[in-house]
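There are 2 protein chains.
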Amino acid sequence: MKACVLYSGGKDSSLVAFILKNLGYEVELVTLNFGYYPSWKAAAESSAILGFKHRILKAKPHVLEDAVDTIINDGFPNNGINHLHKYALELAANNYKLIADGTRRDDRVPKLDFNEIQSFEDRNGVEYINLGGFGHKSINHLSKTLFNVKKELTNRENNSDYEIEIRFLISKLEGEEMAFKLFPEHLQSRVIGWRENE
Amino acid sequence: MKACVLYSGGKDSSLVAFILKNLGYEVELVTLNFGYYPSWKAAAESSAILGFKHRILKAKPHVLEDAVDTIINDGFPNNGINHLHKYALELAANNYKLIADGTRRDDRVPKLDFNEIQSFEDRNGVEYINLGGFGHKSINHLSKTLFNVKKELTNRENNSDYEIEIRFLISKLEGEEMAFKLFPEHLQSRVIGWRENE
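If you read the sequences in order, they're chains F and H.
Take 1 as the starting number for the first sequence in our numbering and just add one per residue.
Take 1 as the starting number for the second sequence in our numbering and just add one per residue.
One or more of the hints may lead you astray.
As the list claims (entries may be wrong) - Capping the alpha-carbon separation at 30 Å, the derived lysine-lysine pairs in DSS-like fashion look like this:
| no. | chain 1 | residue 1 | chain 2 | residue 2 |
| --- | --- | --- | --- | --- |
| 1 | H | K58 | F | K53 |
| 2 | F | K21 | H | K21 |
| 3 | H | K97 | H | K60 |
| 4 | H | K144 | F | K111 |
| 5 | H | K53 | F | K137 |
| 6 | F | K144 | H | K60 |
| 7 | F | K144 | H | K151 |
| 8 | F | K151 | H | K60 |
| 9 | F | K2 | H | K41 |
| 10 | H | K58 | F | K137 |
| 11 | F | K181 | F | K21 |
| 12 | H | K21 | F | K144 |
| 13 | H | K111 | H | K41 |
| 14 | H | K151 | F | K2 |
| 15 | H | K21 | F | K150 |
| 16 | H | K41 | H | K172 |
For the record, the hints were derived by calculation from the structure and aren't laboratory data.
Quick caveat, the model's predicted, so the values are computed rather than measured.
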């Protein structure tokens, strides 16, 4: 059975991909893109190194525009990011019967609550799997065991989170300063290989 | 790193054991027992067939007695079973740094909520993992792919759930009729091997 993982190149989505592969699924990694900026490249690179098939999930630009409106109006990114994540899941459900993401037990955004998950599965006739059984301590430990991880400041080239295209559009509409205010610089972990030639 | 799975011989706890093994943990399966009835035998058998080390987690009889009091007073088993499960986790935390169980996303009993999990991890300096990322549809599908499963009516010999010793003690104290009222007969799935000589 095919399984689709919403993939950013980070340790969480890499871990859920690894777990699903070991459970016997034919795993494909997909990254949402709105055509504003090719932010999927880092994810595609991590995916290739790990040996997974990677696809771009082509999204409608107006969905990003709406999310950016929300974020600017809210003054914080949470609702906009959640909106994009739910949209990505629905889009993936057009082509896959099992959709997974790297959401952990202690994640807050993006995250679906229990009822949203039930509704997503039932409306689309799909299965949804995430890392809801794992906390950050276990995931940090596993990621060290399994992956070569590079920690660096997020920039447009090394990251495939929703953040990149959101920032790109905010910069264009409102200027760099607003983009930095809403998304301060931060360290990110990117998976750049298996730990032991696994 | 060692990982302890609270194990009943059912498909959920077998699945979490399989996932953790594939993640590189040295998995040991443990089954709580209060010394009232050797209900751990079915779990030990499944464990042996799957090739895992199995241990009995020896528990204090008064904890079972308290749970049975609760169940008889409540008129339903949920609170008593949750109490035993939390006790089993605390007991396991004396000997292991990672404790897991087969609780699914859509399970209701036994189940720890988010704050109980955080508290359990922090108080004991341990990690806790469950199947909170998986719903029953995915688990049923995976269990068919991975395991030989036997469906049969629960009895004292084919089951290692908390239910068995609880029923045993209720029968002794209040008679068989009360035990059947609180725990009606039901079908259970027991793992009796790998699907494809895995």
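Cross-check of the supplied hints:
1. K58(H) with K53(F): violated (47 Å)
2. K21(F) with K21(H): Given pair K21(F), K21(H) holds - Cα atoms ~14 Å apart, limit 30 Å.
3. K97(H) with K60(H): Satisfied, since the Cα-Cα distance of roughly 22 Å is no more than 30 Å.
4. K144(H) with K111(F): Satisfied, since the Cα-Cα distance of roughly 29 Å is no more than 30 Å.
5. K53(H) with K137(F): holds (25 Å)
6. K144(F) with K60(H): violated (38 Å)
7. K144(F) with K151(H): violated (40 Å)
8. K151(F) with K60(H): violated (48 Å)
9. K2(F) with K41(H): violated (37 Å)
10. K58(H) with K137(F): holds (28 Å)
11. K181(F) with K21(F): Distance ~39 Å between K181(F) and K21(F) Cα, so the pair is violated.
12. K21(H) with K144(F): The hint holds at about 16 Å.
13. K111(H) with K41(H): holds (24 Å)
14. K151(H) with K2(F): Distance of about 28 Å is within 30 Å: holds.
15. K21(H) with K150(F): OK: K21(H) and K150(F) at ~26 Å, within 30 Å.
16. K41(H) with K172(H): holds (21 Å)
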